[in-house]
Amino acid sequence: MATSLVWQHRQTRFDLSSRDLQTINGENILDVIKLVEDVKAANGQTGYFIVTNLRVIWHSQQTPSKNISIGFQCFMKIETSTKRSIHYATSESLIIYANDKNRFQFIFTTNQTQFPRMVSSLNAVYKAFTSSSLCRELKLRTNLMRNYELMLLPKEEICDKINGVWNLSCDQGNLGLLYITNIRAVWNAETNKNFNISIPYLDMEFVKIQQSKYGLALSIAVSELSGGYLLGFRVDPQEKLKQVAKVLDSLFQASKIKPDFGVHCKINSKVILISSL
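Okay, so the sequence shown: first residue is 1 according to the UniProt record's numbering, each after it adds one.
Everything labelled a hint here was simulated from the structure, so no lab data went into it. For each residue, glycine too, the CB sits at the ideal point set by N, CA and C. One or more of the hints may lead you astray.
Stated by the list, open to error - Straight line, CA to CA, 20 Å or less: simulated DMTMM-like cross-link-like pairs of lysine to aspartate or glutamate:
no.: 1; residue 1: Lys161; residue 2: Glu239
no.: 2; residue 1: Lys246; residue 2: Glu190
no.: 3; residue 1: Lys258; residue 2: Glu190
no.: 4; residue 1: Lys193; residue 2: Glu149
no.: 5; residue 1: Lys161; residue 2: Asp249
no.: 6; residue 1: Lys193; residue 2: Asp160
no.: 7; residue 1: Lys66; residue 2: Asp15
no.: 8; residue 1: Lys258; residue 2: Glu149
no.: 9; residue 1: Lys266; residue 2: Glu239
no.: 10; residue 1: Lys40; residue 2: Glu137
no.: 11; residue 1: Lys40; residue 2: Asp15
no.: 12; residue 1: Lys266; residue 2: Glu92
no.: 13; residue 1: Lys127; residue 2: Glu137
no.: 14; residue 1: Lys161; residue 2: Asp236
no.: 15; residue 1: Lys256; residue 2: Glu27
no.: 16; residue 1: Lys77; residue 2: Glu92
no.: 17; residue 1: Lys208; residue 2: Glu239
no.: 18; residue 1: Lys161; residue 2: Glu190
no.: 19; residue 1: Lys161; residue 2: Glu149
no.: 20; residue 1: Lys256; residue 2: Glu205
no.: 21; residue 1: Lys77; residue 2: Asp100
no.: 22; residue 1: Lys258; residue 2: Glu137
no.: 23; residue 1: Lys242; residue 2: Glu205
no.: 24; residue 1: Lys208; residue 2: Glu149
no.: 25; residue 1: Lys213; residue 2: Glu239
no.: 26; residue 1: Lys34; residue 2: Asp100
no.: 27; residue 1: Lys101; residue 2: Glu224
no.: 28; residue 1: Lys266; residue 2: Glu156
no.: 29; residue 1: Lys258; residue 2: Glu27
no.: 30; residue 1: Lys139; residue 2: Glu205
no.: 31; residue 1: Lys256; residue 2: Glu157
no.: 32; residue 1: Lys40; residue 2: Glu79
no.: 33; residue 1: Lys127; residue 2: Glu156
no.: 34; residue 1: Lys34; residue 2: Asp15
no.: 35; residue 1: Lys101; residue 2: Asp236
To be verified - Cβ-Cβ distance ranges computed for the label pairs, FRET-style:
no.: 36; residue 1: Ser250; residue 2: Asn25; range: 16 to 22 Å
no.: 37; residue 1: Asn123; residue 2: Glu149; range: 45 to 51 Å
no.: 38; residue 1: Asn28; residue 2: Glu239; range: 18 to 24 Å
no.: 39; residue 1: Gln114; residue 2: Ala189; range: 50 to 56 Å
no.: 40; residue 1: Gln172; residue 2: Arg117; range: 20 to 26 Å
Throw the hints in and build the complete structure from the sequences for me.
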(Lines of atoms letter the chains of each structure in order from A and count residues from 1; the text may use other names and numbers.)
(Lines give C-alpha, C1' and ligand atoms only; values in the text may rest on other atoms or scores of the structure.)
Protein backbone atom coordinates (compact mmCIF):
# COMPACT_ATOMS: atom_id res chain seq x y z
CA MET A 1 0.00 0.00 0.00
CA ALA A 2 1.30 3.48 -0.89
CA THR A 3 1.97 5.46 2.27
CA SER A 4 -0.20 8.31 0.96
CA LEU A 5 -3.17 5.88 1.00
CA VAL A 6 -2.65 4.77 4.58
CA TRP A 7 -5.95 5.20 6.44
CA GLN A 8 -5.01 3.79 9.84
CA HIS A 9 -4.20 7.15 11.47
CA ARG A 10 -6.70 9.18 9.43
CA GLN A 11 -9.98 7.33 9.90
CA THR A 12 -12.32 5.74 12.44
CA ARG A 13 -13.64 2.34 11.39
CA PHE A 14 -15.84 -0.35 12.92
CA ASP A 15 -16.05 -4.14 12.67
CA LEU A 16 -12.90 -4.56 10.63
CA SER A 17 -11.70 -7.75 9.01
CA SER A 18 -8.82 -9.57 10.71
CA ARG A 19 -6.57 -8.29 7.91
CA ASP A 20 -7.36 -4.64 8.66
CA LEU A 21 -6.74 -5.24 12.35
CA GLN A 22 -3.18 -6.29 11.58
CA THR A 23 -0.45 -3.67 11.80
CA ILE A 24 0.79 -2.24 8.51
CA ASN A 25 4.35 -1.54 7.43
CA GLY A 26 5.74 1.10 9.81
CA GLU A 27 3.01 0.60 12.41
CA ASN A 28 4.18 -0.63 15.80
CA ILE A 29 2.19 -1.96 18.76
CA LEU A 30 3.24 0.05 21.82
CA ASP A 31 0.90 -1.32 24.48
CA VAL A 32 -1.77 -4.00 24.89
CA ILE A 33 -4.18 -4.03 27.84
CA LYS A 34 -6.51 -6.96 28.47
CA LEU A 35 -9.94 -7.00 30.10
CA VAL A 36 -10.98 -3.57 28.83
CA GLU A 37 -14.71 -2.98 28.48
CA ASP A 38 -16.23 -0.85 25.71
CA VAL A 39 -18.93 0.65 27.92
CA LYS A 40 -20.92 2.46 25.26
CA ALA A 41 -21.00 0.21 22.19
CA ALA A 42 -20.40 -3.26 23.64
CA ASN A 43 -21.64 -2.98 27.20
CA GLY A 44 -20.85 -6.20 29.02
CA GLN A 45 -18.06 -7.37 26.70
CA THR A 46 -14.40 -7.13 27.61
CA GLY A 47 -11.59 -7.14 25.11
CA TYR A 48 -8.14 -5.93 24.19
CA PHE A 49 -7.19 -2.24 24.15
CA ILE A 50 -4.27 -1.90 21.73
CA VAL A 51 -2.24 1.28 21.31
CA THR A 52 -0.07 1.59 18.19
CA ASN A 53 1.87 4.56 16.85
CA LEU A 54 -1.04 5.32 14.48
CA ARG A 55 -4.29 4.37 16.22
CA VAL A 56 -6.19 2.75 19.07
CA ILE A 57 -7.77 -0.64 18.45
CA TRP A 58 -10.33 -2.30 20.70
CA HIS A 59 -11.73 -5.72 19.94
CA SER A 60 -13.95 -8.06 21.88
CA GLN A 61 -12.26 -11.08 23.40
CA GLN A 62 -15.30 -13.27 22.73
CA THR A 63 -16.10 -11.89 19.27
CA PRO A 64 -13.00 -10.37 17.61
CA SER A 65 -15.12 -9.25 14.63
CA LYS A 66 -16.69 -6.71 16.99
CA ASN A 67 -13.99 -4.07 16.99
CA ILE A 68 -13.07 -0.40 16.63
CA SER A 69 -10.07 1.33 15.06
CA ILE A 70 -9.64 5.02 15.97
CA GLY A 71 -6.92 6.89 14.09
CA PHE A 72 -5.04 9.47 16.15
CA GLN A 73 -5.70 12.12 13.51
CA CYS A 74 -9.43 11.76 14.33
CA PHE A 75 -8.92 12.46 18.04
CA MET A 76 -10.50 15.64 19.39
CA LYS A 77 -10.13 15.15 23.15
CA ILE A 78 -9.21 12.58 25.78
CA GLU A 79 -10.66 12.75 29.27
CA THR A 80 -11.49 10.56 32.26
CA SER A 81 -14.76 10.27 34.16
CA THR A 82 -16.72 7.93 36.41
CA LYS A 83 -19.14 5.61 34.62
CA ARG A 84 -21.15 2.54 35.57
CA SER A 85 -19.78 -0.71 34.18
CA ILE A 86 -21.17 -4.25 34.19
CA HIS A 87 -17.80 -5.81 34.98
CA TYR A 88 -16.30 -3.14 37.22
CA ALA A 89 -19.40 -1.57 38.84
CA THR A 90 -18.79 2.17 39.24
CA SER A 91 -15.29 2.80 37.97
CA GLU A 92 -13.08 5.32 36.27
CA SER A 93 -13.49 5.46 32.51
CA LEU A 94 -11.39 6.69 29.63
CA ILE A 95 -13.37 8.79 27.14
CA ILE A 96 -12.15 9.46 23.59
CA TYR A 97 -13.90 12.08 21.47
CA ALA A 98 -13.23 11.64 17.76
CA ASN A 99 -14.33 13.24 14.50
CA ASP A 100 -14.27 11.52 11.11
CA LYS A 101 -17.10 13.12 9.10
CA ASN A 102 -19.27 12.19 12.09
CA ARG A 103 -18.54 12.81 15.76
CA PHE A 104 -17.97 9.84 18.04
CA GLN A 105 -17.63 9.25 21.75
CA PHE A 106 -15.91 6.08 22.96
CA ILE A 107 -15.88 5.00 26.61
CA PHE A 108 -13.49 2.36 27.92
CA THR A 109 -12.94 1.06 31.42
CA THR A 110 -10.89 -1.63 33.11
CA ASN A 111 -9.90 -2.66 36.62
CA GLN A 112 -8.33 -0.13 39.00
CA THR A 113 -4.88 -1.68 38.64
CA GLN A 114 -4.75 -1.30 34.85
CA PHE A 115 -6.64 1.97 34.42
CA PRO A 116 -3.72 4.37 35.15
CA ARG A 117 -1.55 2.51 32.65
CA MET A 118 -4.25 2.64 29.97
CA VAL A 119 -4.59 6.41 30.36
CA SER A 120 -0.87 7.17 30.58
CA SER A 121 0.01 4.97 27.60
CA LEU A 122 -2.64 6.57 25.41
CA ASN A 123 -1.74 10.12 26.44
CA ALA A 124 1.99 9.54 25.86
CA VAL A 125 1.52 8.10 22.37
CA TYR A 126 -1.09 10.68 21.35
CA LYS A 127 1.24 13.48 22.46
CA ALA A 128 4.06 11.97 20.39
CA PHE A 129 1.69 11.70 17.41
CA THR A 130 0.46 15.30 17.53
CA SER A 131 3.98 16.68 17.94
CA SER A 132 5.25 14.84 14.84
CA SER A 133 2.77 15.94 12.16
CA LEU A 134 5.57 17.40 10.00
CA CYS A 135 6.73 13.82 9.39
CA ARG A 136 3.39 12.89 7.79
CA GLU A 137 1.58 15.98 6.53
CA LEU A 138 2.16 18.71 3.96
CA LYS A 139 2.65 22.07 5.68
CA LEU A 140 2.53 25.55 4.11
CA ARG A 141 3.77 28.84 5.54
CA THR A 142 4.68 27.50 8.96
CA ASN A 143 7.52 28.11 11.38
CA LEU A 144 10.28 25.89 9.99
CA MET A 145 13.38 28.06 10.32
CA ARG A 146 15.58 29.32 13.13
CA ASN A 147 18.32 31.83 12.31
CA TYR A 148 17.64 31.05 8.63
CA GLU A 149 18.43 27.37 9.13
CA LEU A 150 15.98 24.47 9.00
CA MET A 151 14.86 23.24 12.42
CA LEU A 152 15.39 19.49 12.29
CA LEU A 153 12.87 16.96 13.54
CA PRO A 154 13.89 14.05 15.79
CA LYS A 155 16.01 11.57 13.79
CA GLU A 156 16.08 13.97 10.82
CA GLU A 157 19.29 14.50 8.85
CA ILE A 158 20.00 16.90 5.98
CA CYS A 159 21.05 15.01 2.84
CA ASP A 160 21.48 18.03 0.57
CA LYS A 161 20.90 21.79 0.51
CA ILE A 162 20.43 23.51 -2.85
CA ASN A 163 20.53 27.28 -3.34
CA GLY A 164 18.81 29.14 -6.15
CA VAL A 165 15.72 26.92 -6.48
CA TRP A 166 12.64 28.56 -8.00
CA ASN A 167 9.21 27.70 -6.59
CA LEU A 168 6.88 27.79 -9.62
CA SER A 169 3.61 27.94 -7.68
CA CYS A 170 2.90 31.51 -8.85
CA ASP A 171 3.38 33.30 -12.18
CA GLN A 172 6.53 35.21 -11.29
CA GLY A 173 8.13 32.36 -9.32
CA ASN A 174 9.97 32.72 -6.03
CA LEU A 175 13.65 32.10 -5.43
CA GLY A 176 14.67 30.07 -2.42
CA LEU A 177 16.55 27.23 -0.80
CA LEU A 178 15.64 23.55 -1.08
CA TYR A 179 16.51 21.19 1.75
CA ILE A 180 16.47 17.45 1.15
CA THR A 181 16.37 15.37 4.34
CA ASN A 182 15.75 11.73 5.13
CA ILE A 183 12.14 12.62 6.08
CA ARG A 184 10.98 15.40 3.73
CA ALA A 185 11.73 18.06 1.15
CA VAL A 186 11.56 21.66 2.40
CA TRP A 187 11.63 24.80 0.27
CA ASN A 188 12.01 28.24 1.89
CA ALA A 189 12.00 31.65 0.18
CA GLU A 190 15.21 33.67 0.32
CA THR A 191 13.52 36.89 1.40
CA ASN A 192 10.78 35.58 3.71
CA LYS A 193 11.51 32.83 6.22
CA ASN A 194 7.77 32.17 6.69
CA PHE A 195 7.09 31.60 2.98
CA ASN A 196 7.84 27.90 2.78
CA ILE A 197 6.57 24.41 2.14
CA SER A 198 7.38 21.13 3.89
CA ILE A 199 6.59 17.94 1.95
CA PRO A 200 7.15 14.64 3.77
CA TYR A 201 7.85 11.59 1.62
CA LEU A 202 4.91 9.89 3.34
CA ASP A 203 2.58 12.42 1.70
CA MET A 204 4.02 12.23 -1.83
CA GLU A 205 2.47 10.47 -4.82
CA PHE A 206 5.45 10.80 -7.17
CA VAL A 207 8.66 12.70 -7.90
CA LYS A 208 9.67 13.29 -11.52
CA ILE A 209 11.02 15.78 -14.04
CA GLN A 210 8.31 17.34 -16.22
CA GLN A 211 8.02 20.10 -18.79
CA SER A 212 6.65 23.43 -17.52
CA LYS A 213 6.24 26.87 -19.06
CA TYR A 214 9.60 27.67 -17.45
CA GLY A 215 11.28 24.64 -19.03
CA LEU A 216 12.10 21.35 -17.35
CA ALA A 217 11.13 21.36 -13.68
CA LEU A 218 11.12 19.10 -10.66
CA SER A 219 7.52 17.99 -10.07
CA ILE A 220 6.28 16.63 -6.74
CA ALA A 221 2.69 15.40 -6.46
CA VAL A 222 1.13 15.18 -3.00
CA SER A 223 -1.71 12.93 -1.92
CA GLU A 224 -5.37 13.69 -2.54
CA LEU A 225 -5.85 13.73 1.23
CA SER A 226 -3.55 16.78 1.37
CA GLY A 227 -5.17 18.54 -1.58
CA GLY A 228 -3.69 16.65 -4.53
CA TYR A 229 -1.32 19.51 -5.39
CA LEU A 230 1.31 19.27 -8.11
CA LEU A 231 4.28 21.35 -6.97
CA GLY A 232 6.94 22.56 -9.38
CA PHE A 233 10.52 23.68 -8.73
CA ARG A 234 13.13 24.88 -11.20
CA VAL A 235 16.69 23.75 -10.51
CA ASP A 236 19.59 24.88 -12.72
CA PRO A 237 21.56 23.55 -14.48
CA GLN A 238 19.80 20.49 -15.88
CA GLU A 239 22.51 18.18 -14.56
CA LYS A 240 21.74 19.40 -11.04
CA LEU A 241 18.00 19.02 -11.69
CA LYS A 242 18.49 15.38 -12.65
CA GLN A 243 20.66 14.77 -9.59
CA VAL A 244 18.11 16.34 -7.22
CA ALA A 245 15.22 14.41 -8.78
CA LYS A 246 17.15 11.15 -8.48
CA VAL A 247 17.99 11.71 -4.81
CA LEU A 248 14.43 12.75 -3.93
CA ASP A 249 12.87 9.82 -5.75
CA SER A 250 15.29 7.42 -4.08
CA LEU A 251 14.33 8.72 -0.63
CA PHE A 252 10.64 8.65 -1.57
CA GLN A 253 10.87 5.02 -2.68
CA ALA A 254 12.77 4.11 0.49
CA SER A 255 10.01 5.65 2.62
CA LYS A 256 7.44 3.39 0.94
CA ILE A 257 9.50 0.32 1.78
CA LYS A 258 10.25 1.35 5.36
CA PRO A 259 7.94 4.22 6.41
CA ASP A 260 8.67 6.15 9.58
CA PHE A 261 5.54 7.93 10.80
CA GLY A 262 7.56 9.96 13.29
CA VAL A 263 5.89 8.67 16.46
CA HIS A 264 8.74 7.70 18.75
CA CYS A 265 7.48 6.69 22.17
CA LYS A 266 8.61 3.94 24.53
CA ILE A 267 6.20 2.38 27.00
CA ASN A 268 7.31 -0.04 29.69
CA SER A 269 4.93 -2.89 29.01
CA LYS A 270 4.95 -6.27 27.37
CA VAL A 271 3.90 -6.01 23.71
CA ILE A 272 1.81 -8.85 22.26
CA LEU A 273 1.27 -9.45 18.55
CA ILE A 274 -2.35 -8.95 17.47
CA SER A 275 -2.33 -12.30 15.65
CA SER A 276 -1.66 -14.05 18.95
CA LEU A 277 -4.57 -12.48 20.82
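Evaluation of the provided hints:
{"no.": "1", "hint": "Lys161 / Glu239", "in the structure": "16 Å, holds"}
{"no.": "2", "hint": "Lys246 / Glu190", "in the structure": "24 Å, violated"}
{"no.": "3", "hint": "Lys258 / Glu190", "in the structure": "33 Å, violated"}
{"no.": "4", "hint": "Lys193 / Glu149", "in the structure": "9 Å, holds"}
{"no.": "5", "hint": "Lys161 / Asp249", "in the structure": "16 Å, holds"}
{"no.": "6", "hint": "Lys193 / Asp160", "in the structure": "19 Å, holds"}
{"no.": "7", "hint": "Lys66 / Asp15", "in the structure": "5 Å, holds"}
{"no.": "8", "hint": "Lys258 / Glu149", "in the structure": "28 Å, violated"}
{"no.": "9", "hint": "Lys266 / Glu239", "in the structure": "44 Å, violated"}
{"no.": "10", "hint": "Lys40 / Glu137", "in the structure": "32 Å, violated"}
{"no.": "11", "hint": "Lys40 / Asp15", "in the structure": "15 Å, holds"}
{"no.": "12", "hint": "Lys266 / Glu92", "in the structure": "25 Å, violated"}
{"no.": "13", "hint": "Lys127 / Glu137", "in the structure": "16 Å, holds"}
{"no.": "14", "hint": "Lys161 / Asp236", "in the structure": "14 Å, holds"}
{"no.": "15", "hint": "Lys256 / Glu27", "in the structure": "13 Å, holds"}
{"no.": "16", "hint": "Lys77 / Glu92", "in the structure": "17 Å, holds"}
{"no.": "17", "hint": "Lys208 / Glu239", "in the structure": "14 Å, holds"}
{"no.": "18", "hint": "Lys161 / Glu190", "in the structure": "13 Å, holds"}
{"no.": "19", "hint": "Lys161 / Glu149", "in the structure": "11 Å, holds"}
{"no.": "20", "hint": "Lys256 / Glu205", "in the structure": "10 Å, holds"}
{"no.": "21", "hint": "Lys77 / Asp100", "in the structure": "13 Å, holds"}
{"no.": "22", "hint": "Lys258 / Glu137", "in the structure": "17 Å, holds"}
{"no.": "23", "hint": "Lys242 / Glu205", "in the structure": "18 Å, holds"}
{"no.": "24", "hint": "Lys208 / Glu149", "in the structure": "26 Å, violated"}
{"no.": "25", "hint": "Lys213 / Glu239", "in the structure": "19 Å, holds"}
{"no.": "26", "hint": "Lys34 / Asp100", "in the structure": "27 Å, violated"}
{"no.": "27", "hint": "Lys101 / Glu224", "in the structure": "17 Å, holds"}
{"no.": "28", "hint": "Lys266 / Glu156", "in the structure": "19 Å, holds"}
{"no.": "29", "hint": "Lys258 / Glu27", "in the structure": "10 Å, holds"}
{"no.": "30", "hint": "Lys139 / Glu205", "in the structure": "16 Å, holds"}
{"no.": "31", "hint": "Lys256 / Glu157", "in the structure": "18 Å, holds"}
{"no.": "32", "hint": "Lys40 / Glu79", "in the structure": "15 Å, holds"}
{"no.": "33", "hint": "Lys127 / Glu156", "in the structure": "19 Å, holds"}
{"no.": "34", "hint": "Lys34 / Asp15", "in the structure": "19 Å, holds"}
{"no.": "35", "hint": "Lys101 / Asp236", "in the structure": "44 Å, violated"}
{"no.": "36", "hint": "Ser250 / Asn25: 16 to 22 Å", "in the structure": "18 Å, holds"}
{"no.": "37", "hint": "Asn123 / Glu149: 45 to 51 Å", "in the structure": "32 Å, violated"}
{"no.": "38", "hint": "Asn28 / Glu239: 18 to 24 Å", "in the structure": "41 Å, violated"}
{"no.": "39", "hint": "Gln114 / Ala189: 50 to 56 Å", "in the structure": "51 Å, holds"}
{"no.": "40", "hint": "Gln172 / Arg117: 20 to 26 Å", "in the structure": "57 Å, violated"}
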